[in-house]
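S.K.: Sequence:
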Amino acid sequence: MNLQNILNELENVDADVFERIEHVSRRHVFHNFLKKAAAGIAPVAFGAVLNKAYAQGNATVVDVLNFALTLEYLEAEFYNRALGSNLIMGMEGQQTFQQIALHENAHVMVLKTALGGAAISKPNFDFTAKGAFPDVFSNYSTFLKVSQAFEDTGVRAYKGQAPRLMPFPDVLTTALRIHSVEALHAAKVRYLNGARGWITGNNPGTPGVPAAIYAGDDNVIQAGVNTAQLGGVGFERATESYDEPLTKEAVLAIAAPFLA
Numbered sequence: 026m027n028l029q030n031i032l033n034e035l036e037n038v039d040a041d042v043f044e045r046i047e048h049v050s051r052r053h054v055f056h057n058f059l060k061k062a063a064a065g066i067a068p069v070a071f072g073a074v075l076n077k078a079y080a081q082g083n084a085t086v087v088d089v090l091n092f093a094l095t096l097e098y099l100e101a102e103f104y105n106r107a108l109g110s111n112l113i114m115g116m117e118g119q120q121t122f123q124q125i126a127l128h129e130n131a132h133v134m135v136l137k138t139a140l141g142g143a144a145i146s147k148p149n150f151d152f153t154a155k156g157a158f159p160d161v162f163s164n165y166s167t168f169l170k171v172s173q174a175f176e177d178t179g180v181r182a183y184k185g186q187a188p189r190l191m192p193f194p195d196v197l198t199t200a201l202r203i204h205s206v207e208a209l210h211a212a213k214v215r216y217l218n219g220a221r222g223w224i225t226g227n228n229p230g231t232p233g234v235p236a237a238i239y240a241g242d243d244n245v246i247q248a249g250v251n252t253a254q255l256g257g258v259g260f261e262r263a264t265e266s267y268d269e270p271l272t273k274e275a276v277l278a279i280a281a282p283f284l285a
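Be aware that the sequence shown starts at 26, since it is given in our numbering, and climbs by one per residue.
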């Protein structure tokens, strides 16, 4: 399926898709380029917003973007499948996840377009995680746990790759724009789970969410300063005030059970 067809299908689902994406991301670049792409601008021109260095086949950029694309494929397919199932979410859940699905599909589109022929194919997924979440698309509570797992992982994954993109500011800027939206998703999903929107120590905040996602989130050293020892802060507030990255290897290990 080409980019034009993908955009047409998204617009058929929601006629205001471009305006919605612009409103939530608050970044005019996606809005302009999505409209130009829908008008027939070549995918290469669309992807050029990320970085000229990428067009020259930079291996680091390709690796990072394909890593990000794997996660975006996972999230987009998860929400697409849930919305196409008989899962009862309630009005707030339905509206929330329709919106999140639009965002994740938009992320897939921009990454695939930027990568062009270097983009990896979408993997096959097992959203039960080899049986760990057998009722993920029939039990809303289970679905929310898996959603939190994906969103909290995604936030830390983008953060973990940011240093590799520092020599490529255009790509880094776009990655951070996606990262910010993923953080908004994570806070909302955690709220729906009855958890705080932020993470305390390395506690998932929701029983049943894989603990590996929060490894290292109890770090209190920032810029060489022990923030827990600052006046009146303490350990809990210190860990809540900063989010920690995850390595590519750690993220792939977390995602592995969801790959068929």
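It should be emphasised that the hints constitute simulated quantities derived from the structure, not laboratory data.
These figures come from a predicted structure and were not determined experimentally.
Among these hints, one or two may not hold up.
[Unchecked claim] Calculated pairs, DSBU-like style, for lysine-lysine (alpha carbon to alpha carbon, straight line, at most 30 Å):
hint, residue 1, residue 2
1, 273, 147
2, 184, 147
3, 155, 273
4, 155, 213
5, 147, 213
6, 184, 273
7, 213, 273
8, 184, 213
9, 184, 155
[As the list claims (entries may be wrong)] Derived DEER-like restraints, expressed as beta-carbon distance ranges:
hint, residue 1, residue 2, range
10, 105, 216, 35 to 41 Å
11, 151, 91, 38 to 44 Å
12, 91, 249, 18 to 24 Å
13, 91, 198, 15 to 21 Å
14, 192, 147, 25 to 31 Å
15, 159, 192, 42 to 48 Å
16, 146, 261, 18 to 24 Å
Don't be surprised by glycine CBs; every beta carbon is placed ideally from N, CA and C.
S.K.: Has the given pair, residue 155 with residue 273, been kept, meaning a C-alpha gap of at most 30 Å?
M.R.: Judged against 30 Å, a Cα distance of about 21 Å means the pair holds.
S.K.: Within 18 to 24 Å: is that where the Cβ-Cβ distance between residue 91 and residue 249 falls?
M.R.: violated, 34 Å
S.K.: Sort out whether residue 213 lies within 30 Å of residue 184, counting only the CA atoms.
M.R.: Distance of about 19 Å is within 30 Å: holds.
S.K.: Would the pair residue 184 and residue 147 pass a check requiring their Cα atoms to be no farther apart than 30 Å?
M.R.: It holds: about 23 Å lies between the C-alpha atoms, which stays within 30 Å.
S.K.: Does the structure keep residue 184 and residue 155 at a Cα separation of 30 Å or less?
M.R.: holds, 27 Å
S.K.: Holds or violated: the 15 to 21 Å window for the beta-carbon distance between residue 91 and residue 198?
M.R.: Because 19 Å falls inside the window, the suggested range holds.
S.K.: Go ahead and decide if the range 35 to 41 Å is satisfied by the Cβ distance of residue 105 to residue 216.
M.R.: violated, 22 Å
S.K.: Taking 38 to 44 Å as the stated bounds, is the beta-carbon spacing between residue 151 and residue 91 within them?
M.R.: Between residue 151 and residue 91, where Cβ atoms are some 21 Å apart, the hint is violated.
S.K.: Between the alpha carbons of residue 213 and residue 273, is the straight-line distance 30 Å or under?
M.R.: holds, 25 Å
S.K.: Take the C-alpha atoms of residue 147 and residue 213, compute the straight-line distance between them, and say whether it is at most 30 Å.
M.R.: holds, 26 Å
S.K.: Looking only at beta-carbon atoms, does the pair residue 192, residue 147 fall within the given range of 25 to 31 Å?
M.R.: holds, 29 Å
S.K.: Between residue 184 and residue 273, does the CA-CA distance stay at or below 30 Å?
M.R.: Answer holds: residue 184 to residue 273 is near 10 Å, not above 30 Å.
Consistency with the previously given hints fails for numbers 10, 11, 12 and 16, ordered from lowest to highest.
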